[in-house]
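Protein chains in written order, with this note's numbering: chain W, -8 to 242; chain A, 49 to 434.
Read the hints as simulated data drawn from the structure, not as lab findings. The C-beta atom is built at its ideal place from N, Cα and C for all residues, glycine as well. Each hint can be trusted.
In silico BS3-like cross-links for lysine-lysine, where the CA-CA straight-line distance does not exceed 25 Å:
no.	chain 1	residue 1	chain 2	residue 2
1	A	217	A	163
2	A	63	W	113
3	A	50	W	72
4	W	108	A	59
5	W	73	A	50
6	W	56	A	434
7	W	107	A	50
8	W	108	A	63
One side of the interface only, derived from the structure: several residues of chain A facing chain W at Cβ under 10 Å:
no.	residue
9	60
10	66
11	265
12	270
13	271
14	278
15	280
16	284
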Amino acid sequence: MADSKGSSDSGDDAVSTEKLRKEYDDLVAVRDLDLRIKKGVLYGMIGPNGSGKTTMIKVLMGLLKPTSGSGYILGERVPLKKNIARIGYMPQEMAVYNDLSIHENLQLFAELYSVKKEIFAKRERELIEMVDLVERRDSAVSQLSGGMRHRVSLACTLIHDPEVLFLDEPTVGVDPELRVGFWDYFSKLRQKGKTIIMTTHYMDEAVRCDVVGMMRGGKLIAEGSPAELMRATSAKNLEDAFLSYSREGKA
Amino acid sequence: MKLDRVLAISKKNLKSLRRDKRTFAFIFMVPFMMMLLFGYTFGGEVKDLKVYIVNLDEGAPVGSLSWDIINELNSTETMNIVDIYTAKDIALDPVNHSIDKVKNAEAWGTIVFGKNFTNETLANFFLLAHGQQFEPSNLELHLDGTNPNVANALYASVNVAIQQVLKDKYGATPAVAVEKDMVYGENTQFIDFFAPGIMGLAGLLVTFMLTIVTFVRERSSSTLERLLTTPATEGEIVSGYAISFGILALAQSSVILVTGVLLFNIQIEGSFLLALLVIFLLGVGSMGMGLLLSSVAKNELQAVQFIPLVFIPSILLGGIFWPIEAIPELLRPISSFIPLSYAVDGARSVMIRGWGIDQIWWQVTVLTLFAIVMLVLSTYMLKRRK
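Bound conformation, chain W alone (with noise of 0.2 Å):
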């Protein structure tokens, strides 16, 4: 388990919480979270739908209000301020204009942003490639598939190159192929010293993780390497080991 004591704005992470809860009327989304992601991380959160891992991103992205606890972003607390331009977030739902090409939506992003426009332009056509989409950059969202669509949105959250990416589910949608293309890109960007949440429901994309965390009822039942994990539960796969840990919970 993450060491839930110490600073909570130590140097070497790229987010941590302390005792992070958020309560909506009688339901407890997310409770008494402590975590500590280290810089240049690929941490994966895995857990059931309603476990709290979105719950907990909005939170850090300062789109909800924690009831109680507290979050910090490369040393700042949340909601952020000075470092908002360092984070990138791909939210749930695809989150794009539709209305918009996805060169418009990358440069309206871009723009928030304040990338400059010779960067911007390198970028652009490094993302499109990356998410396969170069023939359609000036095809309108609304026309594009919704595999197509959820590759656009994060092409629109990588635009800035952002030091820490939140990313809620990047692959759903996204057929094998891509996906083999998204996860090679996510390497990349690791090496490049990025720091990467992301939330899944695939257990072989858990596994291609340095760090799993496993969430159960807003709580963070386990936390470990994969191979951590599997190991302390006896498990022959991340399924297992978080069925394993899930019981332990109850029990």
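Go by the hints and put chain A onto chain W.
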């Protein structure tokens, strides 16, 4: 606040519209159709119009015709006689004082009975009975012709009252010439009166509807979440919206003005730009109101339900078709809270009366405050996190 980001949001909104052909057509077709429909079909009744009366008539031993006519006028619903000045008030210079009331748009008209009104009229009866030529006695009517319906109603009402009194008392046809002087709107047609109304109505409705629907879509598709996680502040997002929808309100007003000038020959006495400024302020405020109400609507359908809530009071109490005085007294105070009434009044004063900013500063101030309050409140609502 960074202008680049504000403009980025504005450009995004305008570009989105370019692809949404139906909405784009809607923005320009609605004001055109409204102008056309109302232009050809509308006619309305007015009542309770503020007038001043100056009665300098000295009367005759048999009585005073002027007081009979005033009593008759008082019994009709058309007029609301604010004050009656007589020869006793001569120090006030009552004729000019009352005409000034019309010039300042505090009254729709002033009726002036001359010193010898009764005597002259009675003398004319005598001449008429003996088949002799005569000069009709004079009654002056100073009218604000900004709304031709109002001016015609006042003119007709005075003529009817004269006929009624003379017929009741003497059973004879009148020998009174009502001399009409138009303080404003010498050649005003009804279309001149309501063109500013339609400009205001289109500016209010289309920006309000577009904002509320667009913003609910921003919320439901999570693009708003994404915007809020960029360096764009809530104030910048609201400002970006204000600029783009303000521009749309201006484009619409221009369509209305061009249609009005080319097809209906409407008159623009004052500054065209000042009239547009008034509509721009209303458009920005309406955008803010749409944004504010979008925060309580969960989906597009709920958003659409707010439209009649804004539309009905505005169209009925905003002074588009009939003056505020012509709506039931109980409802009149509500129109002070309807921003459209200030915009219509301002634009109308500029276009028909030829007034400048020094004369419509009050309307401009109220609309500016409305826009600021709406923008501040909608920014606050965006900042509020659950």
